[in-house]
Amino acid sequence: MDAITNLFPWITNGPLIAVQVLSGLSVGMFLFLVSVGMSLIFGVTRIVNLAHGSFYMVGAYLMVSLIEVLPDRPWAFWVALLLAPMGVAALGALIEMTLLRLIYHRDPLLQLILTFGLLLVLGTLVLLVWGPDTKSVPRPEALAGSVRVFGQPFPSYYLLVLALAPATAVGLWLVFYRTRWGMLIRAATVDREMLGALGVNVATLYTQVFAFGSWLAGFGGALAAPTVAVALGMDGDVLTTAFVVVVVGGLGSFAGSFISALLVGELQSFGILIFPAISIVLIFALMAVVLIVRPWGLLGRPEE
Amino acid sequence: MVDAAGDRQVALRTVGLRKHFGGVHAVNGVDLSVPAGDLRAIIGPNGAGKTTLFNLITGDLAHDSGQIYLAGEEVSGLPPHVLCRRGVGRTFQITSIFRRLTVLENVQTALLTHHGRHFNILIPARRLYREPALALLERVGLREQAPKPSGILSHGDQRRLELAIALASEPRLLMLDEPTAGMAPRERHEIMRLVARIGRDTGLTIVFTEHDMDVVFAVAQRITVLHQGAVLADGPPLEVRANPDVQRVYLGQQVAEVRG
Amino acid sequence: MAPAHVGLAAGLTVLLLLPLVLPAFFLVLLIEIAIVALFATSVNLLMGYGGMVSFGHAAYFALGAYAAALLVKKGGVPMLLALPAAPLVAGLGALLFGFFIVRLTHTYFAMLSLAFGQIVYTIIFKWTPLTGGDNGLLNIWPPDFLRSPAAYYYFTLVVVGLSLLALHAIVSSPFGYALRAIRENPRRARYIGVNVRRHQLYAFVLSGVFSGIAGGIFAFYNGSVFPDFAYFNKSFEPLVVVLLGGVQSFFGPLAGAFGFKVLEWLISKWAPIYWPLFLGAIVIAVIVVLPRGFVGLVEGRGWWTRPATGK
Chain A
1 MDAITNLFPW
11 ITNGPLIAVQ
21 VLSGLSVGMF
31 LFLVSVGMSL
41 IFGVTRIVNL
51 AHGSFYMVGA
61 YLMVSLIEVL
71 PDRPWAFWVA
81 LLLAPMGVAA
91 LGALIEMTLL
101 RLIYHRDPLL
111 QLILTFGLLL
121 VLGTLVLLVW
131 GPDTKSVPRP
141 EALAGSVRVF
151 GQPFPSYYLL
161 VLALAPATAV
171 GLWLVFYRTR
181 WGMLIRAATV
191 DREMLGALGV
201 NVATLYTQVF
211 AFGSWLAGFG
221 GALAAPTVAV
231 ALGMDGDVLT
241 TAFVVVVVGG
251 LGSFAGSFIS
261 ALLVGELQSF
271 GILIFPAISI
281 VLIFALMAVV
291 LIVRPWGLLG
301 RPEE
Chain B
305 MVDAAGDRQV
315 ALRTVGLRKH
325 FGGVHAVNGV
335 DLSVPAGDLR
345 AIIGPNGAGK
355 TTLFNLITGD
365 LAHDSGQIYL
375 AGEEVSGLPP
385 HVLCRRGVGR
395 TFQITSIFRR
405 LTVLENVQTA
415 LLTHHGRHFN
425 ILIPARRLYR
435 EPALALLERV
445 GLREQAPKPS
455 GILSHGDQRR
465 LELAIALASE
475 PRLLMLDEPT
485 AGMAPRERHE
495 IMRLVARIGR
505 DTGLTIVFTE
515 HDMDVVFAVA
525 QRITVLHQGA
535 VLADGPPLEV
545 RANPDVQRVY
555 LGQQVAEVRG
Chain C
565 MAPAHVGLAA
575 GLTVLLLLPL
585 VLPAFFLVLL
595 IEIAIVALFA
605 TSVNLLMGYG
615 GMVSFGHAAY
625 FALGAYAAAL
635 LVKKGGVPML
645 LALPAAPLVA
655 GLGALLFGFF
665 IVRLTHTYFA
675 MLSLAFGQIV
685 YTIIFKWTPL
695 TGGDNGLLNI
705 WPPDFLRSPA
715 AYYYFTLVVV
725 GLSLLALHAI
735 VSSPFGYALR
745 AIRENPRRAR
755 YIGVNVRRHQ
765 LYAFVLSGVF
775 SGIAGGIFAF
785 YNGSVFPDFA
795 YFNKSFEPLV
805 VVLLGGVQSF
815 FGPLAGAFGF
825 KVLEWLISKW
835 APIYWPLFLG
845 AIVIAVIVVL
855 PRGFVGLVEG
865 RGWWTRPATG
875 K
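Chains as they are written, first to last, in the numbering used here: chain A, 1 to 304; chain B, 305 to 564; chain C, 565 to 875.
What the hints contain is simulated information worked out from the structure, not anything from laboratory work. Built from N, CA and C at the ideal position, the CB exists for glycine as well. Be careful, since some hints might not be right.
[As the list claims (entries may be wrong)] Listed below are several chain B residues computed to face chain C (Cβ distance under 8 Å; list not exhaustive):
(1) Pro384
(2) Cys388
(3) Glu409
(4) Gln412
(5) His422
(6) Phe423
(7) Leu426
(8) Pro428
(9) Ala429
(10) Arg431
(11) Leu432
(12) Ile469
(13) Arg545
(14) Ala546
(15) Asn547
Full structure from sequences and hints, please.
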């Protein structure tokens, strides 16, 4: 027992653990936004969008630009937070209409390779527009400091994230289960052809879904921007982690993404306490265990 | 291929085999006993559970309860590739071959796998088991087609190829799921006569499902009738045809059409 | 048979004589083409012959490169003795990750392979004490007698040539036949007695081994190794090469590597920073614009384009 407390001195420090758990939830929240968007797009269009991390990145970079452009007022942050995801959604809609529409009937692996190409293109475009330097987004004044949670300092900004987490999940649930549009989406994940036969404009629905999924990723990036270094390579990092979340949670499962995102967020958070690079090993271990026990993810279904 | 002594005389036995999907009992307590060398037809209306039964026996589906015995050994729940090693061969309702391989390569691959040489990376496979493969193709009438990509073969020829592939694994029990599906009547009789001949020559036990009663009565040695997941009747063709339950449930007017 | 052999012998002779004619720059380009060709062919073992598309194979390339580099840099081992570590370590990595990856199919397979590739990248990137982290390992040079472009060119020719020979033997072997059968029809493969998952894992490991060899040779050619050898951009390259050259033929990736490297050279001369943009755009264009037949096998139903023999 002593050996353990020597190795992990924080293990009996309740408040510290509590704060780490909350941090993990925040990180999980960003992951959830990206993953649920990817899951949603896959569920309806059957395309795994490898450029989804790019949308996250563009959301963050748009925050940078918007904050620079808007006057230095308290409301600037919130306006930027509103506008950035919308910009990403517009980009997503554009890509869907010009490019993805052409490949819906193609082999899924070609679709993957194509979105992989899109990932490269978007990454370079970001470099072209914003340059190679790392950017940052300042937190809004109201949330710039920290509060005391169980006596431990905790960044106030994360309180926003933690408040938004249940709000977004509930919001998504309402959209999917209480609106007509959400019902169409759920129907589309089950049987697309039938939907078309019933007179629904499936093409428009696809565009809307893709735009919404992109919006979610962009929102994740915009929300995360004040907490990370906004730099090239964000797309790859978040994509990998989002993949892990989706593989563990099950592609196409909303609840799966939620649980899995929180799990992975916690692993990343606690990993840092043990040893900086260990979180990657922990995540690998989680994936390995889940895949052995449930190959299609915790709540996933096998592919057709 | 078939050993004497005790249970080994029964090539295939199922006891109380059950499988349900949700609330539907697709296979509801099937007791089947197929002696070695038999040519058994399993018939029944659509939804009677024939294909499910097949899939249970060949390891495609996990059973809910019951046992399956192959020549006296229990094989319930074994995966397909292990069952193949134990001597179960199978063809499918929708022809299942290696389309982009040539006809010859299809059979060669089956042969080299059967002989356990499929992990060998050191020798070229082109000449391996070439003669035995050609012999098998000869037997099903496809020898001239050997160098062609199998995907371009006619439907009937593809089914012959699938038969050859299944035979390459030297099965003791051959399960044919609707072997004549999609064929014209004359071709159906041809292929089933071929199957019957192979069975007689090699002592192989053959179980097949079929909808065409002409074919069934022409070749089958025994018939098992399934109805709603259970065995309704079981016996030689004449006996089954005369069975009033069978007539009522299934054969109906087809009895009148089939000539003795 | 004879004409192909004559063609091969002629081609080989040309390759052997090139250093006498070409300036060093082109020899260096040929070295890179050879390395990419080997990498892409090893990926094609999995993709074209096995029907499994890996999005994270750069991991094994990088593992090979780092294994050899570490032995030389930290162990003082001479290059020729260190090089065999490349396929060994890469193969072990492929065994470890492949064990999990082959449990899945198609899209999940691709995603998981990508994730594992990035995990390898992250481990290399973060484990600074061992790998040098972001700074990589520098001054990984071959021994003096291999240091000139012509010398390393011959060395690469020999290693890549032998590797391609081995890969060709593998696809033409009984193992290769069974692998193709799995690609065509996994269910039917089971019913002839193939343990599909185990076979796919072996193919995955073999593919990783040869990717590792490519990585090892590249390390000494480049003189240094960096974490981004494992980054997904690098995993993309063999996929593009295979796509360009033809998925169904053995020498397709070789042709594709040639075209790819020439294209890269031309574009990088002009605007190197935009190379990923062009790469991505080219691939998108190829997939969207060109008809199904060209991309052949990957579409699945294009069996009529050419018979799937070992050539």
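Which of the listed hints are broken here? As far as the earlier hints go, 10, 13, 14, 15 are violated by this structure, in ascending order.
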